[in-house]
Amino acid sequence: MAFRLKLVPEKTNIDFFRWQFLTFGLSTFLALASIVVLFLNGLNFGIDFRGGTTIRTESTQSVDVGAYREALQPLNLGDVAITEVFDPTFGPEQNVAQVRISAQDGAEAVTPETVNAVEAALQEVDPSITFPSVESVGPKVSGELVMTAVYAVAASLAAISFYIWLRFEWQFAMGALVSLVHDVLITMGVFALFQIKFDLTTIAALLTILGYSINDTVVVFDRLRENLMKYKKMPLREVMNLSVNETLSRTVMTSGTTLIALIALLVLGGDVIRGFVFAITFGIVIGTYSSVYVAKNVVLWLGVKRDWSKQPTDEVAAQFRDAP
Amino acid sequence: MLHIDRWKRILIIGLCVLGLAWAMPNLFYKRVEAHNDAVAAIEAAGGSATPEQQAAEAGWPGWLPSDLVNLGLDLRGGAHLLAEVNTTEVYKSRMDAMWPEIRQRLADQRATIGSIRRVEAPEGVLRIEIEQPDQIAAAVSAVRELATPVASLTGAGSSDIEVSAEGRTLTVQLSDAEKRATDDRTVQQSLEIVRRRVDEVGTREPTILRQGSDRILIQVPGIGSAGELKALIGTTAKLTFNPVVATGSDPQSSAGVGNVILPDTENPDFYYTLEETPVVTGEELTNAVPGTDQNGQPAVDFTFNPSGARKFGAYTSANVGQPFAIVLDDEVVSAPVIRQAITTGSGQISGSMDFDGANRLAVLLRAGALPAELTFLEERTIGPELGQDSIDAGRIASLVGLLAVIGLMVASYGLFGVFASVALLINLGLIFGVLSAIGATLTLPGIAGIVLTIGMAVDANVLVFERIREELRTARGPARAIERGYENAMSAIVDANITTLIIAGILFMLGSGPVKGFAVTLSIGIITSVFTAIWVTRLLMITWFERRRPKTIEV
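Heads up: the protein sequence lines correspond to chains F and C, in order.
Per UniProt numbering, the first sequence starts with residue 1, numbered consecutively.
Per UniProt numbering, the second sequence starts with residue 1, numbered consecutively.
Bear in mind the hints are in silico, worked out from the structure with no lab data behind them.
Hints may contain errors.
Quick list of in silico lysine-lysine cross-link-like pairs, DSS-like style, CA-CA up to 27 Å [as the list claims (entries may be wrong)]: (1) F:6 x C:238; (2) C:238 x C:30; (3) F:140 x F:232; (4) C:230 x C:8; (5) F:197 x F:6; (6) C:230 x C:92; (7) F:6 x F:140; (8) C:92 x F:140; (9) C:238 x C:311; (10) F:11 x C:551; (11) F:197 x F:11; (12) C:311 x F:140.
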């Protein structure tokens, strides 16, 4: 017997419903808490969604946030946020900061004068400073991007539910929908709680999470459908447990490979896409959890058609066949 | 039993080889890029090549594929602008141009409608008061005779102007159908002009696209800053030559009918009163090049086309000793006095400009004027170093992720894990091959998409392997187990990947720039990973099985 790494024992018999008040309760609590946090803290929208300018600065001298702020004070730019950026991929002489300026009142278009003034003021503080990236988004576009993002998430949810409904049953579609909303809400809650920058790429990350989470859920559903045909007399709850147990090894393995690859990117991929990668990584964990603990609970509550082998019109014949 | 038809084997291997061949140039990115640039330059020069170009061209054999993955702005560095065309501006000039015609038409009927007068109105609307309110119907029908049908598919059947009357006031404006048609034309023209201007500067692979009804997206790799790009495309560059009526220092003084007061470029307190109708416009230029004036100062030399030259010659010979103004974007650049008739059809613009300015003005005049002003809604500049840092970080992260996944797969599934890893490597190659072949753009989130694919690509294999393990437990022999494993895993693989593809499709529609790049790599990754995970691993597995004929297998 050659050595095999087994993340999950060959045969498991875990009762996934045993603690369902705890697990589903926790999910419900986290989802509700996320809504509360979203309302209390709000999301830390990037310029994609609220307009404004971000300037990335890089210098051989260490970043002095106070001095930067003082230099920008006389320009009267309103809300200015300056943060130093740290990253393991930076060299020793690489000191990076991010300056964010909110959209200027009454200016629909982006004003290059503002950017030039900011750059000049910062150069005064630190002559070696350079500006590797400058991005400005006008309030008009940012308003539209918010709507596009909302539509995209809604359209994805609708399209996936519809597909699941076609391929399975409406109860499965509801289960998938609930677990997807759960994933999106909690991920957004984490973004609101830690005030991580939320921009267009975060939306892309959210959609990716949807894709991954549904992928996981579908594998469980597929096995469930198969087992429902195989074990016609077994209570639904047990068929579900059996299906999750049978696919558990695959679920853990796939999440494992995906997480390993993503963690490599999270650590080594640089700070520019860290928020994006963080959202996906977090979402994969929560998505895996929800496909095991959320989606099928909903299906269990809604109940499901038990006889998959025949058309409903065959009921009479089925009765005869099943008769002793 | 386990079997793959010979033609399927050839097809699978052929597709892999083809994909990898298309991907290969990306391993020698710099060299192939130099080769491609040299080939394009030599072709543009009509076959003649400098020694450097010849060397660059020889750096990559011509018979090999030479398509590369385009790097997005966030990886290559460059400028991105989103501009909105102020289409309503054109309505005003259309109505202003119509006024003399309408005035003429109404003047012909002076006997019945009495005297007429143009009154204050919002931009793009013409209001005319007539003396005899009871004759307003006659005035309306007279103006309506000037209407022409709208020249567009959607607006067919409607006329270009709308005439209405209230009391003694006549209101004329463009009809909605004509406005739509005009908007469309204005944006098309602007797009064309922007493209010509960017091409004149000769940067590599600019992207200039129309977005929505009235926006233009401009992406130029390798340009230093968005400001530089804006200076080039944000200027309207409307050049006219107008007769000078008077000069003065009061911009508020009354200009008189048909005249305008415009400021001087150099002296802000100096104003010219000009006739509004130009003698010649920039549209009649055939060429403009930077040069120097008699004092050695930077200037732009221009040449008129024959009809422009004729008009200019006629005007100058009739007005020797009079000044005329060269007007650029509503500012008087200079107002020389005509010393003698200029019949050669060429001239010079001099004034306050440096050599860069002269160069830029020449480019702008050659490319033509924008029909309407552009407003910039979004602008992004990414420095090339930042892009290179991102590429390096992405490369290291992908490698580490790849090795970790391979390690985990081999540790978990042994020899079968090796098969899956080989398929994974081929999958990576295929992603790059497809990206190169379809000329897609790789962005930073796109790299994340590839890393995500590395992790998720093995999913189909994991599903199959887990199934084979289960089937082995029921002990029906290894060949049967492998076959059943594939059969039973198929529906899960298909459903799981189609749902992900749906998401990728929506992402593509939502996306601008980087997000779109992510959607593209994700979609390609899904398709190639299903192909490699199902067919390539199966081929490897079956080939191994046929050679060894193992009695038992261990997954």
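For each hint, the structure was consulted:
1. F:6 x C:238: 73 Å, violated
2. C:238 x C:30: 41 Å, violated
3. F:140 x F:232: 58 Å, violated
4. C:230 x C:8: 54 Å, violated
5. F:197 x F:6: Not satisfied, since the Cα-Cα distance of roughly 38 Å exceeds 27 Å.
6. C:230 x C:92: 25 Å, holds
7. F:6 x F:140: 54 Å, violated
8. C:92 x F:140: 24 Å, holds
9. C:238 x C:311: Roughly 18 Å separates the two Cα atoms, so the pair holds.
10. F:11 x C:551: 24 Å, holds
11. F:197 x F:11: Not satisfied, since the Cα-Cα distance of roughly 43 Å exceeds 27 Å.
12. C:311 x F:140: Given pair residue 311 of chain C, residue 140 of chain F is violated - Cα atoms ~45 Å apart, limit 27 Å.
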